[in-house]
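With chain R held as given, fit chain L onto it using these hints.
From first to last, the protein sequence lines stand for chains R and L. According to this note's numbering, the stretch in the first sequence is residues 1 to 405, in order. According to this note's numbering, the stretch in the second sequence is residues 1001 to 1151, in order.
Calculated from the structure, these hints are not laboratory results. Since this is a predicted model, take the numbers as computed values, not measurements. There could be a bad hint or two in this list.
Here are the simulated SDA-like pairs of lysine to any residue, each with C-alpha atoms no more than 20 Å apart in a straight line [claimed, not checked]:
no.: 1; chain 1: R; residue 1: K21; chain 2: L; residue 2: G1005
no.: 2; chain 1: L; residue 1: K1017; chain 2: R; residue 2: E319
no.: 3; chain 1: R; residue 1: K399; chain 2: L; residue 2: I1013
no.: 4; chain 1: R; residue 1: K372; chain 2: L; residue 2: Y1035
no.: 5; chain 1: L; residue 1: K1017; chain 2: R; residue 2: A405
no.: 6; chain 1: R; residue 1: K21; chain 2: L; residue 2: F1123
no.: 7; chain 1: R; residue 1: K6; chain 2: R; residue 2: I295
no.: 8; chain 1: R; residue 1: K85; chain 2: R; residue 2: R55
no.: 9; chain 1: R; residue 1: K399; chain 2: L; residue 2: Y1035
no.: 10; chain 1: R; residue 1: K372; chain 2: L; residue 2: E1061
no.: 11; chain 1: R; residue 1: K399; chain 2: R; residue 2: Q316
no.: 12; chain 1: R; residue 1: K372; chain 2: L; residue 2: H1044
no.: 13; chain 1: R; residue 1: K399; chain 2: L; residue 2: F1091
no.: 14; chain 1: R; residue 1: K399; chain 2: L; residue 2: D1006
no.: 15; chain 1: R; residue 1: K21; chain 2: L; residue 2: L1004
no.: 16; chain 1: R; residue 1: K399; chain 2: L; residue 2: Q1009
no.: 17; chain 1: R; residue 1: K141; chain 2: R; residue 2: M153
no.: 18; chain 1: R; residue 1: K399; chain 2: L; residue 2: G1005
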Amino acid sequence: MMNIEKIRGDFPVLHQELYGKPLVYLDNAATTQKPQCVIDTVRHYYEKDNSNIHRGVHALSERATAAYEASRETIRAFFNAKSSKEVIFTRGTTESINLIASSWGGANIGKGDEILITHMEHHSNIVPWQMLCERTGAVLKVIPMNDAGELDMDAFASLLSERTKLLGVVHMSNALGSINPIETMIQQAHVVGAKVLVDGAQAAAHIAVDVQALDVDFYVTSAHKMYGPTGVGVLIAKQALLEAMPPYQGGGDMILMVTFEKTQYNDLPHKFEAGTPNIAGVIGFGEAIKYIQSIGLHAIAEREKTLLDYASKQAQAFEGLKQIGTAKEKACVLSFVLDGVHPHDLGTILDREAVAIRAGHHCAMPVMQFYKVPATARASFSIYNTEAEVDALFAALAKARDMFA
Amino acid sequence: MFSLGDLYQQVIIDHTKSPRNFGKLDPCNHDAEGYNPLCGDQLHVYVQVNDSNIIENIKFEGQGCSISTASASLMTESLKGKSLADFEILFDAFHDMATADLSDAPDEEVLGKLAVLAGVKEFPSRIKCATLCWHTLKSAIDDAAEPARTE
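Chain R with its partners taken away, still in its complex shape (with noise of 0.2 Å):
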């Protein structure tokens, strides 16, 4: 049995009061709290270790250098990349899937090629592709789903063909918490020979991911839903994959010789790291994912799934909501609706109750408009979360509901 109180303990910003209440942060799936370990370790670095990796040769470079390594090794480790060749450090997920596109794409996407994607995208897996398309002449195709907001595997089979040269989808929805079967998907997609991008910035705090297991060609997240810094996210890829694709911005860090002829560009992973990194803020995420090491996975997604049955059950026997997802497969994130009240008026009178909730379309306007409706609430959960505080946001849900009855 998880200690959550020991848990809450390790996360400063949950102890705090707002408008005289007691705050209750459930946005998680927009960014999660930072547990001290990675404000002290950030902190760490700037206080003592601060400098420029990679190039100096005095000691504060070389502690900082050890210690941004050490990072990417344990971030290897924790998704069990081959290789630590294959993990690239980026600004987030958002940039992963760009350096995908642009890189990978450019070079592998011609005219009439096909890149599959899903209707539960958010849109940094929709508009890079949008716009790779539009450079080259290839295809979009939207795998759709149903109701509950669940893949039409069906659907998915029969779009899969020779024409298909990247399925991109989305481990987990952030707008809808439906998990999708990737492993499954990944199988498919290859037997057409299409390369796979798996976007996991909603899933890879909660669910353990084997990227090898999984043989999945790219795999991306960011730091900051796993407890660690803003700004800061990896891309995993093959390695051969890795070694083909160009450059994608070119700069410092990412060359091995430069005359005004010709450059010859770094080994993997430096290759894709043009410039100065967030150096601190990949030093925190290696921290943030000893962290969840620390507390494991698997005792995670049972706590967390605890939480969601605790919270959809209210959802059910609440007069007038709708919840908006409610796949088998589903983790952390109550998307709902309320009758008569505007998802951002329930985000205002919420955040008077202290209760921290995100209202709007969640970066994922296609899922609005599968629904029907212009935004949604979204409460989401993450393991510093207690059955009291979804006590909480259901008493303010119902002071809402009063106040426009």
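Chain L alone, transformed into the frame defined by chain R:
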């Protein structure tokens, strides 16, 4: 501190539930679309302006939160029969009210009933909900090619 009641006054709840001048105006000689990309609010404002620059009729449709719906409803109510010069004065006064210092009282003499929306200034993320309809109407009157946005 402002309370929720300052924002969600009964007048606003009333206009949310039964918005005035809601629907399409046909014929009209100006209209425009407005978006709030942050929350997905969508608004269409239709207006019929006569040769003497008087707003003869004005209607709106779309979907949005209570603040954006009530604001549009109140706006249409207050502008029907007014001149375009009056619109300019009210536009500036409304904008000032929504973005003023917390301590500044709204100019009720100019704003009239619109002053009930003064509470939005305490809720920074909601100011754009209240001002969207005004920007949209301005686009309509200016015959702007692009939809109005609050960003």
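Discussion item. For a quick check of understanding: which of the numbered hints are violated here, in increasing order?
Written reply: 9, 13
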